[in-house]
Amino acid sequence: MIKTVVEEISKWAIPVMLVFIPLIGMIRKVKVYDVFIDGAKEGFDVAVKIIPFLVGILVAIGMFRASGAMDLLTGAMKPIMDATGFPAELVPLAILRTLTGSGSLAFTTDLVKNHGADSIIGRMAATMYGSSETTFFVLAVYFGAVQVKKTRHAVPAALVGDLVAAIATVAVVYWLM
Amino acid sequence: MLNYIWFGLLAIALIFGAINGTMDKVSEAAIESAKTAVEIAIGLIGVMTLWLGVMRIAEAAGLVTMLGRLLRPVLRWLFPEVPADHPANGAIVLSLAANMLGLNNAATPLGIKAMEELQELNEHKDTATNPMVTFMALNTSGVQLIPATMIGVLAAAGSLNPTWIIGPSIIATFIGTVAAVLAAKFLQRFYKVSE
Chain U
1 MIKTVVEEIS
11 KWAIPVMLVF
21 IPLIGMIRKV
31 KVYDVFIDGA
41 KEGFDVAVKI
51 IPFLVGILVA
61 IGMFRASGAM
71 DLLTGAMKPI
81 MDATGFPAEL
91 VPLAILRTLT
101 GSGSLAFTTD
111 LVKNHGADSI
121 IGRMAATMYG
131 SSETTFFVLA
141 VYFGAVQVKK
151 TRHAVPAALV
161 GDLVAAIATV
171 AVVYWLM
Chain F
178 MLNYIWFGLL
188 AIALIFGAIN
198 GTMDKVSEAA
208 IESAKTAVEI
218 AIGLIGVMTL
228 WLGVMRIAEA
238 AGLVTMLGRL
248 LRPVLRWLFP
258 EVPADHPANG
268 AIVLSLAANM
278 LGLNNAATPL
288 GIKAMEELQE
298 LNEHKDTATN
308 PMVTFMALNT
318 SGVQLIPATM
328 IGVLAAAGSL
338 NPTWIIGPSI
348 IATFIGTVAA
358 VLAAKFLQRF
368 YKVSE
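From first to last, the protein sequence lines stand for chains U and F. With the working numbering as the guide, the letters of the first sequence map in order to residues 1 to 177. With the working numbering as the guide, the letters of the second sequence map in order to residues 178 to 372.
Rather than coming from a laboratory, the hints here were simulated on the basis of the structure. The beta carbon of each residue, even a glycine, is placed where N, CA and C say it ideally should be.
Sample of chain U residues at the chain F side, in silico, Cβ under 8 Å:
hint: 1; residue: Glu7
hint: 2; residue: Ala13
hint: 3; residue: Pro22
hint: 4; residue: Phe36
hint: 5; residue: Ile37
hint: 6; residue: Leu54
hint: 7; residue: Met63
hint: 8; residue: Gly68
hint: 9; residue: Ala69
hint: 10; residue: Lys113
hint: 11; residue: Pro156
hint: 12; residue: Ala165
hint: 13; residue: Thr169
Work the whole structure out from these sequences, hints included.
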């Protein structure tokens with residue numbers, strides 16, 4: 001029920017906004033096309049401004065992943081994880097999720113296939129992916145667009161959110177299954 | 178913080194590349210990732226141009242200010258530093274709405290627009306402000322209502338009930354978002370803006 005409503009809204013949202021906003025503009029006597037061009041001019045610059053930030057972050061993450069350091073990190077954390085009841089299979093996903101969108105998507109798909117689409121691990125993995133964002137990517141794009149280099153507490157605050165979301169995922173799926 | 182994480186990732190890659198004998202892959206990943214980053218940025222140009230144009234109409238028509246004023250009670254608590262009539266309010270609302278609906282093509286340009294508005298209020302242009310970090314906390318915790326990609330993955334893997342994850346995802350996202358925002362609010366006093 002919620003799903004159909006949200007899906008319908010998602011389908012209609014963009015076309016409706018693209019007509020509704022200029023319509024209000026017309027009513028308010030705005031020269032809609034002229035104003036559109038004026039604002040749209042900035043699009044190219046903004047996208048180009050992001051490049052250095054994105055190259056910096058993605059290269060570091062790409063190298064880290066390719067080195068295979070992740071497996072050792074997971075192995076080292078396994079005893080701690082077993083003690084807390086957090087499934088060890090999900091630890092690499094929780095870390096990857098913050099670093100790479102495509103990497104964590106591939107990892108989640110593997111977990112779902114290997115453990116089964118209706119298994120507890122499969123559902124936890126899917127929920128973990130679905131309930132979070134690629135934190136470092138988002139930070140690079142948004143701060144890059146406004147050329148902010150000193151990000152202050154942005155990284156720690158975001159990571160607290162990611163950690164809590166990961167724990168909440170495991171707890172909620174355990175509870176509901 | 179980002180300086181340490183960035184260097185840490187690079188140093189770990191070199192060390193483990195040597196230990197694991199994966200240096201060729203590390204080398205390739207550096208070149209490939211640089212290419213991917215530029216492709217992503219270039220891919221943004223179209224949607225960025227479209228939404229910045231439409232947003233300018235929305236501003237000129239007074240829609241952005243109106244939307245911000247409408248949701249001011251919530252925004253006042255989240256972003257106390259942003260004046261009530263500032264266009265940043267409306268831009269933040271629009272980008273979060275697009276995020277919730279999973280409209281990625283609109284959410285990123287609208288989010289960037291919101292960051293630009295917040296940058297207008299910033300006295301130290303190279304340093305993040307409190308509202309910026311709070312806005313980032315909302316974005317990095319991913320406030321999407323329907324995890325469409327994951328439902329697709331589960332269905333493709335033969336799930337009998339792929340939409341089962343919608344409920345847990347909404348709960349987990351909500352808890353994560355609240356935690357991120359509270360962390361941002363709590364930590365802001367410890368990260369002073371230095372000259």
